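Fit chain L to the given chain A structure using the hints.
Sequence order for the protein chains is A and L.
The numbering of the first sequence is this note's numbering, which starts it at 1 and goes up by one.
The numbering of the second sequence is this note's numbering, which starts it at 1001 and goes up by one.
Derived by calculation from the structure, the hints in this document are not laboratory data.
All of these numbers come straight from a predicted model, not from anything done at the bench.
Built from N, CA and C at the ideal position, the CB exists for glycine as well.
Keep in mind that a hint or two might mislead.
[Stated by the list, open to error] Pairs of lysine-lysine residues, derived as DSSO-like cross-links and limited to a Cα-Cα distance of at most 30 angstroms, are as follows:
(1) Lys1118(L) - Lys216(A)
(2) Lys1118(L) - Lys32(A)
(3) Lys177(A) - Lys216(A)
(4) Lys149(A) - Lys350(A)
(5) Lys337(A) - Lys129(A)
(6) Lys177(A) - Lys306(A)
(7) Lys1118(L) - Lys94(A)
(8) Lys306(A) - Lys1118(L)
(9) Lys424(A) - Lys394(A)
(10) Lys1287(L) - Lys216(A)
[What the hints assert, rightly or not] Here are the simulated distance ranges between beta carbons:
(11) Gly1136(L) - Glu127(A): 42 to 48 angstroms
(12) Glu1268(L) - Gly411(A): 27 to 33 angstroms
(13) Gly1141(L) - Lys413(A): 39 to 45 angstroms
(14) Glu127(A) - Ala1164(L): 57 to 63 angstroms
(15) Glu356(A) - Lys1097(L): 56 to 62 angstroms
(16) Ser1003(L) - Asn175(A): 26 to 32 angstroms
(17) Val388(A) - Glu1268(L): 34 to 40 angstroms
(18) Lys1118(L) - Ala64(A): 26 to 32 angstroms
(19) Ser1003(L) - Val388(A): 33 to 39 angstroms
(20) Glu1268(L) - Asn357(A): 39 to 45 angstroms
(21) Gly1142(L) - Pro409(A): 43 to 49 angstroms
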Amino acid sequence: MRASSSFGLRAGLAAFALLLAVPASLAQQPLKVGIVTFLSGPAAGPFGVPARNAAELTAELLNAGTVPAPYSQKGFGGTPIELVIIDEAGGPQKQVAEYRNLVPRVDIVIGYISSGDCLAIAPVAEEQKKLTVLFDCGTPRIFEDASYKYVFRTGPTGTMDNVSVALYLVERNPNVKSIAGLNQNYAWGQDSWADFENAMKTLKPGIEVKTSQMPKLFAGQFGAEITTLLGSGAEVIHSSMWGGDLEGLVLQGAPRGLFEKHKVVLSAGEPAINRLGTRIPDGTILGARGPFGPFAPDTDLARWLKTTYQDRYHIPPNYASFKMTQAILGVKAAYEKAKGSSNEAPDQDKIIAAFENLTFEGPGGPVKMALGKGHQAIMDAAVGTTKVEAGELKIVDIARYSADKVNPPDGVKSEVWIKSGLKK
Amino acid sequence: MSSILPIAFDGITYASWLFLISAGLTLIYGVMRILNVAHGSLYALGAYAACSLAGAWLGGGLPAAGSFAMLLLAAVLVGSLVGPVIERGLLQWMYGKDEVVLVLITYAVFLIMEDVIKLVWGVDSLLLPEPYALPGNLQLGGLPYPVYNVLLIALALATGLALAWALYRTRQGKLLLAVIHDREMSMAMGINVSRVYLATFAVGATLAALGGAFTAPTIAVTPGIGVEVIVLAFAVVVIGGLGSLGGAALGALLVGLVRSATVRYWPEAELFSIYAVMALVLIARPKGLFAAQEARKI
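If we strip away everything but chain A, and leave its shape as in the complex, we get (with noise of 0.2 angstroms):
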């Protein structure tokens, strides 16, 4: 009696032991994707945070298989995906740390706003050899300086915003004689500075700069700046000011009339949108770093990531939020490609084969990796100007160019291709 006991007791640890062994040997396991963006610092609110929900909202979608074609399978090729949230706040070197920290964590890494940030991490992801997708960051120098296999941006670069706000400007405005900047005195800034200023030289060839200011980054407080452009004669100005400079900017412009006076270009400008509304003046020229937010086109996934986005967060997905999830739905759309009917996991090398000049379909319109060896997106770009209409501020006059037109070919630095004018 006490043997049969003894059994039973055994028998039931062992079919318990079973029960429990089972569901985990059956369950997959998620992929894990690192994302890195600003949660803390001045870059958080505009950007960062933006990102992160998106990055969240995606992923929860993804693996509930709810996102409209041609990403309805359900996570990456069937198996679930889960993040790994950190913050990029700190500067270059604080990055890489964290970087080398995140990659044995992770399968995947998806990130970096800043510029600075995004030249420090690319070297490092080839030496750590991880698939590391950049999906904010502008400077054109991470793929024309250097040449890396397991980099991928699935966001444009900082030269077709400027780009194309200048095609739009003398579209608008032919007889444009001078122009003036303010810029962050940073390489955002300092870049986004010289491509606006060599494109309208290119286009407008003898039109005077008047002046160039550069304050300082977060400098926040612009008088002897407004003065400065409102005395300088300028026709008109441009910033590529973000966060709070640029609210800045518009709060202390607006009321001493630098935006009546001058036609002010802000090439980043989409972000304050939501931040100040109708405090933007009326023809101020916008650009979003893409086809992004209002400038999205009318389409099932531009739907799909307003609205949902809007449902959960209660304010609309701005240009940072639509580049996290086109830089997820490129990977997922890599993955997928490179997994193809078979029913193993793909490695690396296959995903990034297949990611290597993919066509793909973001909430953005299409993305075609075509620069920097099939490692860097182009796509259309799109511009607008402010209006105010019945209290709310609407964007207007939205003019649209073909990825080709404001990108330079692939090896073709993006300073050369403005300066020999633009061609093709």
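Quick look at chain L alone, frame taken from chain A:
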């Protein structure tokens, strides 16, 4: 001539803002020998509190002019509540330690307060543009300038004069000067140094918050604004001489005017100009323009 007026007005406006922030920093250093890095967070806290209070005031449909009183109230609340909490809760246990240790402690407070601000107000920017736009513009040299800047200049002047009066013309001020001159001797003479420290820190914190509160309407209040300010304030205080109120005023004016002229004539060197002033002053006077002579103790 046509450019002198704009340069002077922009320079004096910037100097007023710098003085409001630097005055508290130099006061705290002068009395307590603490280079208070948390001053930047108190500035940020003043700006955030101003957005909340004045925003609630305006949101309630109350007269817009009253929002100026809310800016003042925000500064006083931050200074009188948070200042004493930091001083009594932490700093009073650290007196007598090396100045470098105190810098590290206030840096820790700065980091903690940055996260507290993020927890309370989130990472999105806060906007309070009404007080800035309300008084309208005035014309100077053919260019429009916000009247708000004139108010800022007046506030800085009033603050500077009130501080000078309080320091040199009141009994409490003279007690404070005695503590600055010799802490041990002051204690021996029966001055309650602990209370002087508490009051000084609260006043210094209020000044930082005042700077933040009156800057809030001109900027987007975002995480990290305190970092930007503390570096500038240190530069001004070092130029003027650590612990000198007059030095802070002169340092602010010097930096403001040089920056304003640089923005006009050599914009690429804007950032460089501030630190060039500091370097030149320190070459000529290593302890700053108005550094107090230290009595040699035997």
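Verification of the supplied hints:
Between Lys1118(L) and Lys216(A), the direct Cα distance comes to roughly 23 angstroms. Compliance with the 30 angstroms bound is thereby established for this hinted pair. Distance restraint check for Lys1118(L) and Lys32(A): the Cα-Cα separation of roughly 28 angstroms lies within the 30 angstroms cut-off, and the hinted pair is therefore satisfied. At most 30 angstroms may separate the alpha-carbon atoms for a hinted pair to count; Lys177(A) and Lys216(A) meet this at roughly 28 angstroms. In summary, the hint linking Lys149(A) to Lys350(A) is supported, as the alpha carbons are separated by about 12 angstroms, within the 30 angstroms threshold.
Of the supplied pair hints, the one linking Lys337(A) and Lys129(A) holds, its CA atoms being roughly 21 angstroms apart against a limit of 30 angstroms. Only pairs whose Cα atoms come within 30 angstroms are accepted, and Lys177(A) paired with Lys306(A) is rejected, the gap being roughly 39 angstroms. Restraint check for Lys1118(L) and Lys94(A): the C-alpha separation of about 21 angstroms stays at or below 30 angstroms, so the hint holds. Restraint check: the Cα-Cα separation between Lys306(A) and Lys1118(L) comes to about 27 angstroms, which is no more than 30 angstroms; the hinted pair holds.
Taking the CA atoms of Lys424(A) and Lys394(A), the gap is near 34 angstroms; set against the 30 angstroms cutoff, the hint is violated. Restraint check: the Cα-Cα separation between Lys1287(L) and Lys216(A) comes to about 27 angstroms, which is no more than 30 angstroms; the hinted pair holds. Between Gly1136(L) and Glu127(A) the beta carbons are some 59 angstroms apart, a value that contradicts the proposed interval 42 to 48 angstroms. Between Glu1268(L) and Gly411(A) the Cβ separation comes to about 32 angstroms, which falls inside the hinted range of 27 to 33 angstroms.
The given range of 39 to 45 angstroms is respected by Gly1141(L) and Lys413(A), whose C-beta atoms sit roughly 44 angstroms from each other. Distance hint for Glu127(A) and Ala1164(L): a CB-CB separation of about 60 angstroms, consistent with the stated range 57 to 63 angstroms. With their beta carbons about 59 angstroms apart, Glu356(A) and Lys1097(L) fall inside the hinted range of 56 to 62 angstroms. The hinted window of 26 to 32 angstroms between Ser1003(L) and Asn175(A) holds, with their beta carbons roughly 28 angstroms apart.
Val388(A) and Glu1268(L) have their C-beta atoms about 36 angstroms apart, which keeps the hinted 34 to 40 angstroms range intact. One distance hint, 26 to 32 angstroms for the beta-carbon pair Lys1118(L) and Ala64(A), holds here, with the actual separation near 31 angstroms. For the pair Ser1003(L) and Val388(A), the beta carbons lie near 35 angstroms from each other, so the given range of 33 to 39 angstroms is met. In this structure the supplied range 39 to 45 angstroms holds for Glu1268(L) paired with Asn357(A), their Cβ-Cβ distance being about 40 angstroms.
Under the hint 43 to 49 angstroms, the C-beta atoms of Gly1142(L) and Pro409(A), about 48 angstroms apart, fit the expected range.
Hint check: violations occur at hints 6, 9, 11; the rest are consistent with the structure.
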